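Chains as they are written, first to last, in the working numbering: chain A, 3 to 665; chain B, 33 to 717.
Think of the hints as simulated: they come from the structure by calculation, not from any bench.
Keep in mind it's a predicted model, so treat the numbers as computed, not measured.
Each residue gets a CB set at the ideal place from its N, CA and C atoms; glycine is no exception.
Don't take each hint at face value.
Said to hold, decoys possible - Calculated pairs, PhoX-like style, for lysine-lysine (alpha carbon to alpha carbon, straight line, at most 20 Å):
id	chain 1	residue 1	chain 2	residue 2
1	B	102	A	215
2	A	399	A	307
3	B	311	B	447
4	A	98	B	410
5	A	289	B	190
6	B	190	A	276
7	B	406	B	679
8	B	679	B	462
9	A	215	B	70
10	A	94	A	112
11	A	98	B	406
12	B	590	B	679
13	A	289	A	276
Claimed, not checked - Over 10 Å on every C-beta distance to chain B, these chain A residues come out as not near it, computed from the model:
id	residue
14	35
15	311
16	368
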Amino acid sequence: LAFAALGIAASVQAASLQRTSFNYYIAGDDPGPWPQVLSAIGLTRAVGGPANLIVIRQVAPGSVAQWIQRIEQGSIVVLEGHSDLAAALGFKPGTKRVVVHSIVDQRAPKLSIVWETPLEIPVFDLPKDASVLAAERWENAPVMAALRRGSGAVLWIAAPPGKEGYERFPYLLQALFDLGVKPPFRSQRLWAFFDGAYRSRVDLDYFAERWRKAGISALHVAGWHYYESTPESDAYLQRLIEACHRNAILVYVWLELPHVSEKFWDDHPEWREKTAILQDAQLDWRKLMNLSNPECAAAVSAGVKQLVSRFDWDGVNLAELYFESLEGAANPARFTPMNQDVRDEFHGLNGFDPIELFQSPNPAPAHLRTFLDYRADLARRQQEKWIGEIESVRAGKPDLDFVLTHVDDRFDTRMRDLIGADASRVLPLLDQHDFTFLIEDPATIWNLGPERYPQIAARYQPLTQHTDHLAIDINIVERYQDVYPTKQQTGTELFQLVHVAAQAFPRVTLYFENSILTADLPLLACAAATVDKAEQNGSRLIVDSRHGVGVSWQGPAFVNGHLWPVRNDATLWLPAGTNIIEPAPKDSGLRIVDFNGELGSANASSQGLQFSYQSNARALAVLNARPSKIEVDGTLDGEKLPESGASFVLSLPRGQHVVLLTP
Amino acid sequence: MVLRNTFLFALSLSSVLAQPPDPAYQPLEHAYRALRDKSYDLAIASFDQAIGLSPNRASIRNDLAYTLLKVGENEAARDQFAEAMRLDPADVHVALEYAFLCYETRQQVQARRIFDRIRKTGEEPLRDTAEQAFQNTAEQAFQNIDQPLAAGIARWLKALDVSPDNFSAHQELATLAEQRDQLELAAEHYERAWKLKPGERSLMLDLGRVWSMLGRSEDAIYILLAASRGGQPRVAERARELLPDRYPYPYEFQKSLEIDPNNFELRREYAYLLLAMGKQGEAERQFETLHQADPNDLLTSAQLGFLILNRQDPAGAQPLLDQVLNGADEELADRARVALKLPQTLRNRLGSAQQTSQEAKSLGERSMQAGYLKDALKYLTIAQENDPVDFSVMLKLGWVYNILHDDHDSMKWFKLASQSPDSSISDEAKKAYHNLAAQFALFRTTVWIYPFFSTRWHDVFGYGQVKTELRLGRLPIRPYLSMRLDGDVKGNIGPTAGSLNPQYLSESSFIFAVGAATLPWRGITGWFEAGESVNYLPNRTDEGAMIPDYRGGISGAKGFGHLMNSSKGFYFETNDDMVFVSRFQDDLLFYSQNRGGYTFAPTEGFGGFQSQLYWNVNATGDRLRQYWANYGETGPGLRFRFSDLPKSLLFSVNFLRGAYFVNLDNPRRPNFFDLRIGLWYAFTR
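From just these sequences and the hints, can you work out the full model?
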């Protein structure tokens with residue numbers, strides 16, 4: 003008995019939080035941008051409690067020896083510029099000075115990192131065993147370096163990180179991660195757009211695993227490449243879908259109507275959209291078709307239905323169904339629609355041909371207003387029509403989810419006139435149809451900071467009661483604006499965007515999978531996690547989250563007093579709400595190691611594993627062992643479980659269900 | 033049979049031994065094993081290691097590239113294929129892979145060129161069907177790129193027919209034209225787009241890039257130089273990447289300003305460049321333009337004010353400097369106060385550059401005072417870099433270089449310091465500059481005189497020389513014309529016991545000569561002159577009224593420690609000469625005069641009196657062993673000057689005890705005392 007008790011105690015000791023960094027401490031009166039920086043990956047400011055990550059902005063006189071002792075005992079310390087402590091550690095300013103305009107970070111040496119405001123700094127001498135992580139571009143003066151001392155480490159930066167925290171050193175958080183700062187929470191709820199043209203030769207299994215680790219729960223796959231069936235493209239897409247499903251990632255078909263496909267454009271010159279200079283509307287990569295033409299619309303409808311039925315899709319994303327361009331009527335060469343069907347209809351309604359607006363030297367402003375209103379209404383009519391088309395497809399595929407991607411026109415109110423987008427006319431459709439309204443961050447505001455997302459959310463909430471169906475799309479691309487320090491969001495800026503967006507919206511989507519830089523992948527899932535409260539009391543942890551979250555955890559655990567069966571070797575997956583986590587003495591045999599639905603409850607007992615969930619598409623559960631019996635809502639499910647490595651993938655129906663798995 | 037097997041074994045063994053071991057074998061083994069296990073990161077690391085060991089094997093790079101493709105690192109894979117193609121240009125398959133990846137990684141221009149090259153190899157005889165297949169692929173790929181480009185160009189040209197000032201049409205057209213290698217068309221429309229929206233400075237990069245490809249290198253530099261200054265920092269950095277790795281020439285600034293006349297930063301940098309080149313007038317015009325463009329820019333107002341003040345137009349400068357004084361920039365205002373000789377204000381904190389300058393200046397001055405000239409130079413240089421308009425630092429740099437015998441640099445700093453609005457600085461700098469400038473003039477005249485009274489002879493002796501030398505560029509020899517004076521007041525001391533003829537105490541002559549001297553090397557100079565000695569004593573009988581005079585020799589002078597005109601402290605100096613004089617029976621004389629002692633600090637009053645107390649040790653000898661030319665003397669001495677008087681006017685009092693080393697024919701005692709009171713004065717014009 004004594005030996006048994008000892009064994010239990012030992013396993014309780016072993017089952018615990020990983021060596022995570024929940025709290026940080028800032029030494030100095032002014033915290034600067036550090037709370038924004040560190041909270042982007044879920045770290046919270048210590049209020050009197052322990053912290054092993056310390057930002058030392060001011061070194062109190064006589065405290066140098068104590069700080070060095072703390073570092074040697076395991077603390078990770080951040081130092082800015084010159085201080086007594088920095089000097090004691092070997093970071094000493096030399097007499098030479100350099101004006102820093104741009105830097106090179108070893109993590110991404112080809113990435114252009116330019117400081118909007120150049121800064122003159124001394125050229126520092128570094129301790130011999132320090133690793134230079136970033137240097138001034140032209141003189142190679144070190145600006146960020148890491149130093150390990152004892153069991154702790156120092157991250158030194160030559161200057162404060164800037165007002166927002168990302169203006170100077172994009173990869174601060176990655177550097178801290180490498181030095182041992184382990185963020186406490188993860189989310190696996192991100193969506194990402196995917197274009198197979200950029201991933202034609204990759205190992206899809208390798209990538210599916212990578213995407214899942216980065217927190218992606220669904221890919222929205224560019225459907226136009228597969229609109230026409232070819233053996234090669236069909237086989238590729240089939241492999242992609244299978245690889246994703248094995249890793250609990252859903253796959254949606256992403257449609258960009260009125261772009262249909264390259265071949266459709268080539269085959270049907272008679273149905274091509276026209277610009278206001280009456281050229282075929284080939285604008286950038288999109289080749290726009292005239293969906294106002296009944297024959298064209300019928301052909302596209304048949305093609306879309308065939309595309310959806312040919313593959314094992316989990317959902318449909320009908321995206322950006324309105325007109326061109328962001329320059330609006332000011333640029334006739336990019337202005338659509340101006341096809342004959344639209345012109346005839348408008349002429350019939352209003353008595354003049356809209357092309358006259360672009361051929362007359364002084365068009366009447368009222369006439370342009372009339373046409374722009376007509377155009378916005380036409381966009382809404384087309385959206386309604388195509389929502390109906392997708393709904394008709396869903397009738398035959400009940401697990402299919404549906405997403406409507408629509409550019410924001412509430413925050414940037416010019417969108418209605420520029421491209422015909424009018425969310426206020428589309429959002430009421432949520433009362434009749436079950437879909438997610440994915441708000442696209444318009445290109446015109448890509449240069450603004452993360453605080454725009456709560457503002458965007460606030461503008462949509464009054465427009466619909468279905469706020470749980472709102473989602474936000476963050477465009478991670480090279481922005482056309484004059485932005486700093488990087489043209490495309492990466493590092494701290496990206497994490498702040500994702501984190502703030504995840505707090506403001508139930509779902510965050512990234513455009514697009516291929517543009518996310520490799521350096522950002524390890525912390526993306528941490529940035530996407532949102533937790534309202536996290537309290538650590540000895541081995542007990544209380545976590546309150548709105549959408550469920552993964553907690554860094556090793557070994558078995560009780561959640562709210564029940565043995566919790568939803569965890570893998572590193573993470574414990576929690577449902578939304580307040581959860582109390584404690585180490586458990588023994589594990590359940592059958593476990594859900596990954597799940598992409600919204601977990602309601604879960605419990606492991608000798609009878610088996612029972613859990614409830616809700617999902618807008620089918621739900622995928624990855625199990626660590628094959629159950630002998632599967633019951634969904636009390637009914638036996640005879641589905642054969644496909645294997646995924648050492649795991650088994652269980653496909654579950656859309657909606658709200660209770661599942662019992664017998665070992 | 034045994035013999036045959038033995039032979040075969042030996043053969044195979046020798047063949048194995050003849051193979052050089054594959055240095056990359058082991059990492060390649062690891063790489064392929066990792067690849068089989070789908071451990072791509074490990075495979076990539078092992079391939080990298082193998083490439084390090086066998087950098088010229090294209091096959092390893094190909095395998096690495098394919099592995100990189102598996103993990104989606106397309107740009108890295110492209111670069112490996114590029115290297116493989118370089119190593120094996122005949123491998124068409126690799127070239128195709130490279131081209132496809134160029135296309136996928138947004139290097140369409142390169143992709144199109146490679147496909148074009150491969151498809152055109154079809155004009156040569158084909159080796160096999162595989163090659164034919166490659167060509168067909170290349171042809172198809174080329175058309176897939178080229179046809180949309182051609183169609184796009186036609187479409188946007190048509191759009192411009194309808195709307196000639198459509199910015200985006202020009203930009204789209206230029207981009208497509210560049211991708212299709214229609215560079216003239218691209219340049220035309222990038223330029224038109226930029227003219228329509230000059231604020232779109234990234235178009236300057238496009239234009240510079242295309243001009244460069246068109247061979248318009250200079251135009252490219254001008255526009256890239258403009259893009260690299262001011263405007264958007266990102267564009268500026270990218271422009272800097274494209275510019276040559278050197279500082280631009282002044283004419284390039286001029287041309288850039290013609291292209292981008294409103295570029296404030298570019299013009300300001302050019303104006304400062306002109307200032308550094310000493311072209312105050314042109315600089316002032318540039319600052320005037322800047323001031324008109326932005327009358328509120330305090331730095332411009334200050335600089336323009338200083339320049340106007342410097343050309344003695346205080347009324348013109350006053351409004352500008354008043355603006356600076358009333359402005360928010362305290363540092364700038366203080367500089368204006370210095371220029372206007374107003375008291376400075378107290379400030380809470382100095383800016384970093386200014387602070388560094390002050391610290392470095394202080395260290396420089398202390399180093400200078402302590403005689404640590406290299407340290408002084410280092411600190412003063414830092415001070416000047418951090419505060420380029422501190423004229424007192426410039427003046428000190430001039431003196432340090434002067435003491436270090438680097439007169440070229442010394443002059444440069446004196447000249448800059450002479451532009452100081454503070455007259456005490458500018459006067460001193462001007463004076464120093466002119467003193468140094470003389471040595472760089474074509475003709476340089478040096479005058480020195482050394483009259484002294486000797487108690488031993490109760491006579492006043494006078495030595496002196498007027499010498500005009502001709503500077504011949506960098507030639508180490510300088511020819512000169514010279515007139516020497518070698519005389520005394522008394523003339524002779526009458527017959528002595530050893531001689532019935534009167535004894536002359538000097539040469540009593542003016543010596544007119546033509547000579548040449550070497551440039552000093554570590555204080556040593558060689559010289560030789562030929563001339564005529566003219567006796568000014570009509571009754572002198574021991575030599576003719578005019579006699580030929582040839583003389584020459586080597587002379588050296590060196591000082592150590594705290595010399596006159598510097599700070600207090602110990603010092604030592606030596607003057608050593610070896611002189612051939614024809615009139616003394618072609619004698620060769622040796623002189624060594626040495627003084628060591630203490631230099632006192634100049635006094636605050638009393639005309640800036642500064643003195644040296646020292647001990648003399650002198651020795652003279654000659655080749656012919658004549659008694660008058662072989663003696664030694666030693667004793668204390670005092671030398672002094674007044675800073676209110678010319679710098680090179682020195683007074684000396686020496687009390688010497690001497691002894692002749694050769695007394696054969698010496699009509700006097702072998703020992704003597706002598707008190708010599710003299711002055712030394714020299715100047716150069």
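A quick look at each hint next to the structure:
no.	hint	in the structure
1	102/B - 215/A	holds (18 Å)
2	399/A - 307/A	holds (11 Å)
3	311/B - 447/B	holds (12 Å)
4	98/A - 410/B	holds (11 Å)
5	289/A - 190/B	holds (18 Å)
6	190/B - 276/A	holds (14 Å)
7	406/B - 679/B	violated (24 Å)
8	679/B - 462/B	holds (15 Å)
9	215/A - 70/B	holds (17 Å)
10	94/A - 112/A	violated (28 Å)
11	98/A - 406/B	holds (17 Å)
12	590/B - 679/B	holds (19 Å)
13	289/A - 276/A	holds (10 Å)
14	35	holds (20 Å)
15	311	holds (30 Å)
16	368	holds (23 Å)
Violated hints for the displayed structure, listed by number in ascending order: 7 and 10.
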